[in-house]
Amino acid sequence: MANFDEELDASGLNCPMPILKAKKALAKLSGGQVLHIIATDPGAVKDFEAFAKQTGNELMESREEGGKFYFLIKKS
Amino acid sequence: MAEKRLAIIATKGTLDWGYPPFILASTAAALGYDVEVFFTFYGLNLLRKNLDLKVTSVGNPGMPMPMPMPVLLQALPGMQSMMTMMMKQKMKKKGVASLEELRSLCIEADVKMVACQMTVDLFDMSPSEFIDGIEYGGAATFFEFAGESDICLFI
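Chains as they are written, first to last, in the numbering used here: chain A, 1 to 76; chain B, 1001 to 1155.
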């Protein structure tokens, strides 16, 4: 897994909270920095793809492991 | 990226129907949309300082019930409070945010909230019952924003 600058644990949270919390966490980062997100909401997989596409932040990685979902988003 | 606009009319004042406007408004704001929500009729309850909203299965055969129950029983005193309590517990267990939390996130994200002046007057509501930072307006106020919107929803 690539390095990241900040981590957000959105485990147990349901739509739309992982997205809203990620947005807030990204706001604190500078361009080029990477946010690592942990979520348990299966809907987050498609939602983070859509979020990245619409906000211009790059979804570098999206993977599932042991029932959890991990995302790396690079701030544009 | 040019900013997109979302306009919502929120007309319902129950716990369940309070969710769609706040979920969509907060998410759209997170995606970079400029958002305005116009609250009218029972939707005005979503602007109260104390969000004491209820849910009921009466008149809503689509609501999932833990056990089958005749409609007349569902209408008994205390059932509405019980269903509201059960719904809130279920939401908490499943990690669904509270309406208060979603509303705060909307405010934080600069979602513009407009209360329908006509219905505020109709129901003798006082602005002191509502949260701070809202505006008051009528149909023309709504169209001023909605006319330039990319997405317009009636909820």
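Calculated directly from the structure, the hints in this document are not laboratory data.
There may be inaccurate statements among the hints.
[To be verified] Facing chain B, according to a computed beta carbon distance under 7 Å, are these residues of chain A, among others: (1) L8; (2) G12; (3) N14; (4) P16; (5) M17; (6) I19; (7) K23; (8) T55; (9) L59; (10) S62.
[Claimed, not checked] With beta-carbon atoms standing in for the labels, derived distance ranges: (11) S1098(B) / K53(A): 25 to 31 Å; (12) M1085(B) / E49(A): 50 to 56 Å; (13) P1068(B) / S11(A): 32 to 38 Å; (14) E1135(B) / E6(A): 34 to 40 Å; (15) E61(A) / E1108(B): 25 to 31 Å; (16) F1143(B) / Y70(A): 31 to 37 Å; (17) M1118(B) / E49(A): 23 to 29 Å; (18) D1121(B) / Y70(A): 50 to 56 Å; (19) P1066(B) / G66(A): 28 to 34 Å; (20) E6(A) / S1098(B): 46 to 52 Å; (21) L1073(B) / G12(A): 32 to 38 Å.
All C-beta atoms in this analysis are idealised placements derived from N, C-alpha and C, irrespective of residue type, glycine included.
Hints, one by one, checked against the model:
Violation of the interface hint for L8(A) is found here, the shortest Cβ-Cβ separation to chain B being roughly 13 Å, above the 7 Å cut-off. Satisfaction of the interface hint for G12(A) is found here, the shortest Cβ-Cβ separation to chain B being roughly 5 Å, below the 7 Å cut-off. The interface hint given for N14(A) holds, since its Cβ lies 4 Å from the closest Cβ of chain B, which is under the 7 Å cut-off. For the restraint placing P16(A) at the interface with chain B, the shortest Cβ-Cβ distance is roughly 4 Å, inside the 7 Å limit, so the hint holds.
Interface hint at M17(A): satisfied, since its Cβ lies 5 Å from the closest Cβ of chain B, which is below the 7 Å cut-off. Nearest Cβ of chain B to the Cβ of I19(A): about 6 Å, under the 7 Å cut. The hint holds. Against a cut-off of 7 Å between C-beta atoms, the interface hint on K23(A) holds, since the closest Cβ of chain B lies about 4 Å away. Among the interface hints, the one on T55(A) holds; its C-beta lies about 6 Å from the nearest C-beta in chain B, closer than the 7 Å criterion.
Look at L59(A): its Cβ only gets to about 14 Å from chain B, farther than 7 Å, so that hint breaks. With a cut of 7 Å, the hint placing S62(A) at the interface with chain B is violated, because the nearest CB-to-CB distance is about 18 Å. Separated by about 29 Å at the C-beta atoms, S1098(B) and K53(A) satisfy the suggested range of 25 to 31 Å. In this structure the hint that M1085(B) and E49(A) lie 50 to 56 Å apart at CB is violated, the actual value being about 36 Å.
Distance hint check for P1068(B) and S11(A): the Cβ-Cβ separation is about 35 Å, which falls inside the suggested range of 32 to 38 Å. Against the hinted window of 34 to 40 Å, the Cβ-Cβ separation of E1135(B) and E6(A) comes to about 35 Å, which satisfies the hint. In this structure, E61(A) and E1108(B) meet the distance hint of 25 to 31 Å, their C-beta atoms being roughly 28 Å apart. Taken as a hint, the range 31 to 37 Å is violated for the pair F1143(B) and Y70(A), whose Cβ atoms sit roughly 45 Å apart.
Checked against the hint of 23 to 29 Å, the pair M1118(B) and E49(A) fails, with Cβ atoms roughly 42 Å apart. For D1121(B) paired with Y70(A), a C-beta distance near 52 Å keeps the hint of 50 to 56 Å intact. For P1066(B) and G66(A), the hinted distance range of 28 to 34 Å is satisfied, since their beta carbons lie about 31 Å from each other. The beta-carbon spacing between E6(A) and S1098(B), approximately 25 Å, falls outside the hinted interval of 46 to 52 Å.
Judged by the Cβ atoms, the range 32 to 38 Å given for L1073(B) and G12(A) holds: they are separated by roughly 34 Å.
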